[in-house]
Amino acid sequence: MNGTENVAKAPPSSQGNGGRWLWLLPPFLLLAAIVGWLFATDQFANLSRGAPPIENLTIERSVLEDGRMSFLVRAGGSEAMAIAQVQVDAAYWQFVQDPMGTLERGQTAWISIPYPWVLGESHTVKFVTNTGATFEAVIAAAVPTPTATAGQLRSQTLIGAVVGILPVTVGLMFYPALRNVGRQGMTFLLALTVGLLAFLFVDTLEAAFELAGAAAALFQGPVLVLSAAAAGFLCLTAIGRRSGTPQGAALAFYIALGIGLHNFGEGLAIGAAFATGLAGLGTFLVVGFAVHNITEGIGIAAPILKVRPPLRTFVALALIAGGPAVLGIWIGSMAFSPQWAALFLGIGAGAILQVILEVSLYLVRSSLSGASVLISPVSLSGFFSGMIFMYVTAAAVKI
Amino acid sequence: MLRSWFRFDPGRRRFFSLVAAAVGGAAWAAGNASGQTSHGDHAQQETPPTNAASAIMGDHQIAHGGMITVGEVDNARNGFDPDALLTDWDGGIVEILPDGMTLRTFEVEVEDKEIEIAPGVFFPAWTYNGRVPGPSLRAKEGERLRIIFRNFGSHQHSMHFHGIHAARMDGVPGAGMVEPGGEFVYEFDAKPFGCHLYHCHAFPLTRHMHKGMYGAFIIDPDPALHPEHEEVARSRLLGTPENAKWQEMMMVMNGFDTNFDGENEFYAANTIAHCYAKKPIRVSRNMPVRIYLINVTEFDPINSFHLHANFFDYFDQGTTLTPTLKTVDLIMQCQAQRGILEFHFRDHEPGLYMFHAHQSELAELGWMGMFDVVEDVT
Ligand SMILES: [Cu+2]
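Chains as they are written, first to last, in this note's numbering: chain A, 1 to 399; chain B, 400 to 777.
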């Protein structure tokens, strides 16, 4: 029986094998014939007759140096395009393109303009293509692009620590107090964690879509974000479930990781604000995010209340949850291209969703009443307390 | 939380590349794969070009501090040269009628044509005789004019002349509006003398004007009819020895809205942005200058002309032989307003003298040029 199956599955002779591969040929031949016919008879031209090419130009980065502005632009749209002229503040201006010539679809080039920009003032740059279409880049407040000095790196790291690591640490310091909360208190805290994570999930996803919208069309922003979120969710679930369902310290680490990816996004926002010279806004964001992130520390502490982990675990948790804020500020201050930021935030959203799932399952497992604990008054009040707290503290930093 | 701050922020690439390597090699590889295929060296791609832009600037461009369009327009492809547009008057074909009257016949054909209005920028124009502005029709006061108008364009068009004529000849719907493939002959007497214009009067008017359907229509005074200012009239009349002593030129101030947002991206006199800045108009300091100036700029309520280091006399609409404004260096014109400017550089040292719209925005978007004053134009 077994032997017969084997024979049927894999014929021993190489000739038979070749014959099998031969059967792959007809579908490919048919496909090639159809594609060939479509092109040979110019069917596509009939479809697009009279429709002008749709042009699109995305400005991914801008760099301001003394007496010079440079922009990294990416050609989108349906066909290759050419930048014919460049306006700065409604005046045509000399520019240098590198590489020169027509931009193929998806290709990038640096446009460099010798221009006496004014510190702290707004400048508008318009790229005029050979068909006369215009694409605009606005510099809200001109400041020299930060240079990578050691001092700058130090202060960015410090700000990152204040925004990310410090508040999470403060949150974790509630640990001793939280240990005495009892079963109901524990349920409340876990539900609170889910509530605040639910808020962060929506917020992170929204920011990811926002950035994806600013990226070139060919990156297909929404699909990019959702794919990244799905990948983040599935990969973390797979890793987390290798040794059974996570709980205790393992669960705390997953919460920390999800929150960390979210804090990366907060770091980006702060870095970008400082880089564009909006120092007041940057400071405001630092304070706002810092206060808001204390809750995250409490959420991380919730699943380890019973396990009494060593001190280094707390240090590691604080670094995982808060550290990415530092990274975010570094990258944000250098104006990372929007599609990559969207990608990271998408992964972050997936990670947060995964944590929501694990914390909820943990809550169910550790409860006597099973799944119905999720809709118990204590859980719901915890969930909504988390949501409301995040909503209110986030409102403080929204503009 | 990122919102608008993120859009167009300054960045720093060299430092960025360090961090990016730490953050994610995958994103890095994707960036490499998706863009810049013609640019193998990725490190170079991560750095904006630092070569001096002045390397590609000519002397005149440097005079503008880099504030100018880049490159040259292919005049041969366009089929017209802005330098030639200044002086190529179209006198038509002249014959004497049995009653002794002069009949002047012009032929004008409409053609849809893509023209290059600034280096590398192409505009789908509607043209009279393949050029924008259309031919500068020039006649003498009192002549019988016959304009044979053929429409080879894709829309209905007409020629509406500023001047005096019968209602049947007005070039509005029902009076000389010509369907594609059609023909119409406008006929009327040349009056009053002056600096006039013609344009298409099909609707929507804005679209037809903005597409390039306009041109100069100059009627020179008949000296015999103006004994009190005969000398002045003779100097205006093309072909007389007195007229030959003048350096005459035609400038039609226009603009182009290339992205259809109701605002012009390019401004010029005679269509090509910055053309007379890149190739200054040579004038002799020994002869007076006369400019027939016409404003057809669409979307902006007024345009203007300002001359550097000099003053001129202005004849509003050109319908008088004495100036309507004396010793001014700036005039403004509403759309379809026009006039004659007269000035000279005889007391000036040779050199470049700028002229431009004194709405700085219009000047910086292309409507700026220079006179290159020399001892003698050869
Ligand atoms: Cu028309």
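No lab work stands behind these hints: they were computed from the structure.
Just so you know, even glycine gets a beta-carbon here, dropped at the ideal spot from N, CA and C.
Treat the hints loosely; a few may be bogus.
[Unchecked claim] Each computed DSSO-like pair below joins lysine-lysine, with the alpha-carbon atoms no more than 30 Å apart:
1. 644(B) x 678(B)
2. 590(B) x 644(B)
3. 725(B) x 590(B)
4. 126(A) x 678(B)
5. 644(B) x 512(B)
6. 126(A) x 725(B)
[As the list claims (entries may be wrong)] Where chain B lies over chain A, by a calculated footprint (3+ residues, C-beta under 8 Å):
7. 80-91
8. 132-140
Status of each hint after checking the structure:
1. 644(B) x 678(B): holds (24 Å)
2. 590(B) x 644(B): Holds: residue 590(B) and residue 644(B) sit about 25 Å apart, inside 30 Å.
3. 725(B) x 590(B): holds (25 Å)
4. 126(A) x 678(B): Since the Cα atoms of residue 126(A) and residue 678(B) sit roughly 25 Å apart, the hinted pair holds (cutoff 30 Å).
5. 644(B) x 512(B): violated (37 Å)
6. 126(A) x 725(B): violated (40 Å)
7. 80-91: As far as the region 80-91 of chain A goes, the hint holds, because 7 residues have Cβ atoms under 8 Å from chain B.
8. 132-140: As far as the region 132-140 of chain A goes, the hint holds, because 7 residues have Cβ atoms under 8 Å from chain B.
When held up to the earlier numbered hints, the structure conflicts with 5, 6 and fits the remainder.
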